[in-house]
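Engineer: Sequence:
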Amino acid sequence: MSEITTEVAEETTAFDQLNILLESIEQHPEEAVRNHVRALVYTLLDLHHGALQRIVEIVSAQPTGEKILQELSDDELVQAVLMVHELMAQPLETRIENALEIAREQLKIYGADVELIEVKNGVAQLKLFGGASTANVSTTILKAEIEHALHEHTPDLLNVEYEDTIAPTRPPKLVQILPRQPVQNTASKEFFMAIIRADQVPDNGLRVVETGGINLLLCNVAGTIYTFQNACAEGNLPLDESILEDGVLTCPCHGYQFDARQKGRCLTDPKLRLEALPMRVENDVVKVALPKEDEINAGTNH
2 MSEITTEVAE ETTAFDQLNI LLESIEQHPE EAVRNHVRAL VYTLLDLHHG ALQRIVEIVS
62 AQPTGEKILQ ELSDDELVQA VLMVHELMAQ PLETRIENAL EIAREQLKIY GADVELIEVK
122 NGVAQLKLFG GASTANVSTT ILKAEIEHAL HEHTPDLLNV EYEDTIAPTR PPKLVQILPR
182 QPVQNTASKE FFMAIIRADQ VPDNGLRVVE TGGINLLLCN VAGTIYTFQN ACAEGNLPLD
242 ESILEDGVLT CPCHGYQFDA RQKGRCLTDP KLRLEALPMR VENDVVKVAL PKEDEINAGT
302 NH
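The letter at position 163 of the sequence shown is residue 164 when you use this note's numbering, and the numbering goes up by one with no holes.
Keep in mind that the hints are not guaranteed to be accurate.
Label-pair ranges, simulated between beta-carbon atoms [claimed, not checked]:
| id | residue 1 | residue 2 | range |
| --- | --- | --- | --- |
| 1 | ALA33 | ASP247 | 50 to 56 Å |
| 2 | ARG39 | GLU148 | 14 to 20 Å |
| 3 | THR141 | LEU273 | 29 to 35 Å |
If you're looking for bench data, these hints aren't it; they were derived computationally from the structure. Please read all numbers here as calculations on a predicted model, not as lab measurements. Where a beta carbon is used, it is the ideal one built from N, C-alpha and C, also for glycine.
Please put together the full structure from these sequences, using the hints given.
Structural biologist: Put into structure tokens, the structure is as follows:
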């Protein structure tokens with residue numbers, strides 16, 4: 002019988018380690034070994050499920066049982082285990098709705114909305130809604146906002162599926178007629194779009210991302226991320242193969258050097274500068290204020 006060996010990083014959680022080990026077992030060449038290990042895991046899960054269910058029932062029968070269960074559910078580790086065994090006080094569907102309500106706050110910025118169609122076998126079927134302001138927003142960005150909220154509040158959810166197309170925005174249930182308000186100039190208002198998880202930009206490294214027809218270059222300098230249009234200030238050539246060292250980008254074509262920490266200022270020729278973009282990191286998600294098309298053209302013709 003072949004030996005199963007798997008290296009697990011120390012910083013991973015117990016659930017991460019369990020998933021890594023299970024995945025390694027599924028890759029084992031001998032079917033008999035895979036079947037025996039599966040049977041062992043399922044038997045242990047059944048044993049734990051039965052014991053945990055009895056604990057929940059006994060605690061619930063006590064005068065202060067509901068309060069105790071709530072306190073237990075507030076503990077992240079206890080909550081995760083109860084979720085795995087489907088013993089949480091709130092059903093999965095309710096927790097999905099709560100997570101979507103949180104995601105809607107961000108979706109409103111893009112003029113989008115989301116609706117839960119059904120939950121079946123641990124899979125959530127969702128429907129996206131959007132209007133004219135959503136036309137230039139990648140569905141990948143909308144889904145990232147939704148799935149981030151779901152990951153935080155429903156770790157026991159197995160998968161998320163979406164209907165193929167984005168439906169027109171639903172009309173409001175109530176239309177209230179108010180006095181006409183003065184028109185405000187919103188041309189300068191910046192809308193920050195979710196681009197990528199912060200941990201997907203390597204330490205002291207680069208990551209190129211294309212979204213909304215714009216090519217972005219993200220630089221991670223000692224844990225701080227800087228975002229630029231991916232075009233050298235001399236010739237507009239892409240900086241994919243640039244070298245990042247001590248916060249300085251060196252263009253592979255001309256050898257020009259740009260300081261990421263000083264908004265892309267060129268150290269070789271002070272008249273040149275990379276096009277830095279406003280950005281922020283929220284909940285470990287990098288969000289960037291993307292320029293309009295005319296601003297992109299202006300920036301690449303200096």
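Engineer: So, for every hint listed, does it hold in this structure?
Structural biologist: Evaluated hints:
One distance hint, 50 to 56 Å for the beta-carbon pair ALA33 and ASP247, holds here, with the actual separation near 55 Å. The given range of 14 to 20 Å is broken by ARG39 and GLU148, whose C-beta atoms sit roughly 28 Å from each other. Our hint of 29 to 35 Å for THR141 and LEU273 holds, since their Cβ atoms are close to 32 Å apart.
When held up to the earlier numbered hints, the structure conflicts with hint 2 and nothing else.
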